[in-house]
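Trainee: One letter stands for each residue in the lines below.
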Amino acid sequence: MKILVALKQVPDTETKIKVAADGRSLDPADVKWITGPYDEYALEEAIRIKEAKGADVVALSVGGDSAKEVLRNALALGADSAVLLKGDGQGDAFAVAQMIAAFAQGKGFDLIFCGNKGIGGDNAAMGPMLAELMGIAQANVIVKLELGQGTFRAEREIEGGSEVVEGALPAVITAQKGLNEPRYASLKGIMAAKKKTIEELDATSAPAVAVVSSLALPPERPAGRLLAGEPAAQAQALLQALKDEAKVF
Amino acid sequence: MILVFCELKDGKIRKPSTEALSAGRRLADASGQPLGALFAGASCAGAAEAAKYGADVILTAEGATLGSYSSDAYAQLVADAVKAKGATVLLAGATAMGKDVAPRAAARMGAGYASDVTGLSMVEGKLQAVRPVYAGKAFATITFTSAVQVASTRPNVFPVVEKAGPGAVESVPAPAGDFKSVVKEILAKAGGKVDLTEANVIISGGRGMKNGDNFKILEELADALGGVVGASRAAVDADWGLPHSMQVGQTGKVVSPTLYIACGISGAIQHLAGMSGSKFIVAINKDPEAPIFKVASYGIVGDLFDVVPELTKAAKAMGVGKG
Chain A
-13 MKILVALKQV PDTETKIKVA ADGRSLDPAD VKWITGPYDE YALEEAIRIK
37 EAKGADVVAL SVGGDSAKEV LRNALALGAD SAVLLKGDGQ GDAFAVAQMI
87 AAFAQGKGFD LIFCGNKGIG GDNAAMGPML AELMGIAQAN VIVKLELGQG
137 TFRAEREIEG GSEVVEGALP AVITAQKGLN EPRYASLKGI MAAKKKTIEE
187 LDATSAPAVA VVSSLALPPE RPAGRLLAGE PAAQAQALLQ ALKDEAKVF
Chain D
7 MILVFCELKD GKIRKPSTEA LSAGRRLADA SGQPLGALFA GASCAGAAEA
57 AKYGADVILT AEGATLGSYS SDAYAQLVAD AVKAKGATVL LAGATAMGKD
107 VAPRAAARMG AGYASDVTGL SMVEGKLQAV RPVYAGKAFA TITFTSAVQV
157 ASTRPNVFPV VEKAGPGAVE SVPAPAGDFK SVVKEILAKA GGKVDLTEAN
207 VIISGGRGMK NGDNFKILEE LADALGGVVG ASRAAVDADW GLPHSMQVGQ
257 TGKVVSPTLY IACGISGAIQ HLAGMSGSKF IVAINKDPEA PIFKVASYGI
307 VGDLFDVVPE LTKAAKAMGV GKG
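Chains A and D, in that order, are what the protein sequence lines are. The working numbering numbers the first residue of the first sequence as -13 and each following residue consecutively. The working numbering numbers the first residue of the second sequence as 7 and each following residue consecutively.
Because the hints were derived from the structure by calculation, they are not lab data. Treat each hint with caution, since some may be false.
Straight-line distance between alpha carbons at most 27 Å, and here's what the computed DSS-like set of lysine-lysine pairs gives [unchecked claim]:
(1) D:Lys292 - A:Lys2
(2) A:Lys233 - D:Lys190
(3) D:Lys186 - A:Lys130
(4) D:Lys319 - A:Lys233
(5) D:Lys216 - D:Lys319
(6) A:Lys18 - A:Lys233
(7) A:Lys130 - D:Lys285
(8) D:Lys300 - A:Lys18
(9) D:Lys186 - A:Lys233
(10) D:Lys169 - A:Lys233
(11) D:Lys216 - A:Lys233
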C-alpha cells in the first residue's frame, strides 16, 4: 500500500497575528511555525496503517525551505520519504490542490491523508479539491477509519453526531481531532531522520483563483462591565443586563 | 444567476440554508440577477419553501441514488446545475455537508472558493467575500479571478430575511449510481441538541471546572437558557471524558452565538480566536486578571461553583430560555 500525507506549515495557535506592510499578508516576524495540528492526526493514521499492514508513507509539503522542518519531523515520526514541492504553500486551496494533484497523479497512492483544515487560512478545502482533481473518493473530517480490500469505512463528524461514509480506494481522507493520539518522535527516529534526504521538486505553476486582497485585524470589542456583589446578586444583575441592555432574551 | 445549494431536514429547509438564501437574495438584487435554490435528495418535498426567501427558481435533483449523501455525486450535480443555469455565484451554508460539497464542486469548475464567509457583497459585478482567518484573529477580503465564484456562509451570521419570490420549481437531472463514496449510516449523538456552530447560546467550561462531572451544572444552566455546552481545549485534553466535538477554539469549533458564557476559562489566545465572534460574552472566573475579561461584555469575578447555580436558579425564575 502507498500512502501520501500532505502536511502544511502553519503559525502556532498562540501566535498573535500582525498584518504585514503589504496590507494583505501575515507579518512573519515573531511567528513560530508548526506542523498543522490536524495534519499530525493525518500522519499518525498513516504510520499506524504502515505498522499494522505495511505501507510506504510519503510525506509532502508545499512551501519554501522552512517547510523542510515539517518534513524532517514527519520522517522522525515514521514517514519513509519526504518531498518538498517548492511553491507558495500559503496560496489559495485550489492552487495547492493542483500542485499536489500534479505530483500525485499516476504514482499509485491508495490513500492520501491531510488535516481537515490548516489553521491559518482555515479554508478546509484542499482535501476535497484534491480528491476532485484526482477523480477519487473523499472522506472529510474523519474521526475513525477502517480499511477493507480496496475499500474504506470512515466516521465523519457532522452537526450533532457523526455519519459513516463508505467508498472505494484510492481516497483522500481528511483527519479530525479524535482520529488517534499522535505519538512523539523518538530519539532514534530523530537521528535517523537527519540522515534522510528530502526530495525537492518545483511545484507546478497554479495561480490562485480566490485571492486575499486585504487582511485586517478584527475591531476591538467594546469595554465590558464587571458585576459586583454576592453570587445571587451577580446572577440577578447579569440576567437583567442580558435582558434589558443586550436584549439577548 | 446566484445559485444557493440548500439542505432539507425532515421536509424543512435547514436554517444555515435560509441564511445563505437570504444572503443570495441580497447579492441577486445588487447585481440584477435571478436567485436560484438547488435541492437534492430522494425527495425534495419542502423545497418550495425557498420561495419564502426570495428564490426566483427552485431546482430539484430527485432520485433514489441521492437518498444518501455522496460527496462526488453531489459535487457533480451542483457543478452541472451551475453550468446549466450559467450561474456566476454559488453559495452554500458552511455546514458539514456544505463544507464537504462546495470545495469539491469548486474544483470541478475551476472556481475560486471562500469558506465560512461572514460578509458578501457585489463589487463591479464580481463577488467579494470577507472571511475570518487564523480562527478569527484576522479577517481577509477575498476577490475572485475565476468566472464562477463559490462561497460557504458561516451559520448564525447572515440574517434570515423573508421576501417572497416566484419560486418556479424545475427539476434537474440526478447523476446515475456508481458513486465513489456514499454515507451509509447516521450516528446521532444522544440528546439531539443543536450543534455548537449553530447554537444561539453557548455555556463553555474550562480548566476551572475541575472535572467532567461538574459539567452537569453547565448543562443545567444551558437547559434553563435554551443553550448548549462547550469546552475549552484545556478541558477536552484533560481526560475528563469530554468529546472533542465540544471543543471551542482555533483547533476546535469556531462559534458565533448571540451569547457565550465562559466558566472557569482563562482565555488563551487559541480559545479567544474560536469565540470572539460571539455577540455578547460573559466571563465567570475567580482570577480577576484572566485574559477572558478583556473580551467580556459582562464579567463576574467569583467562584463559578457559586455563581452558575445561582444563574440557573435566576434564569428559571425569570423564564428567560423560553423565548
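Trainee: Against this structure, judge whether each hint is valid.
Mentor: Here's how the hints hold up against the structure:
| no. | hint | in the structure |
| --- | --- | --- |
| 1 | D:Lys292 - A:Lys2 | holds, 25 Å |
| 2 | A:Lys233 - D:Lys190 | violated, 43 Å |
| 3 | D:Lys186 - A:Lys130 | holds, 19 Å |
| 4 | D:Lys319 - A:Lys233 | holds, 20 Å |
| 5 | D:Lys216 - D:Lys319 | holds, 22 Å |
| 6 | A:Lys18 - A:Lys233 | violated, 41 Å |
| 7 | A:Lys130 - D:Lys285 | violated, 34 Å |
| 8 | D:Lys300 - A:Lys18 | holds, 24 Å |
| 9 | D:Lys186 - A:Lys233 | violated, 48 Å |
| 10 | D:Lys169 - A:Lys233 | holds, 25 Å |
| 11 | D:Lys216 - A:Lys233 | violated, 32 Å |
The structure shown violates the earlier hints numbered 2, 6, 7, 9, 11.
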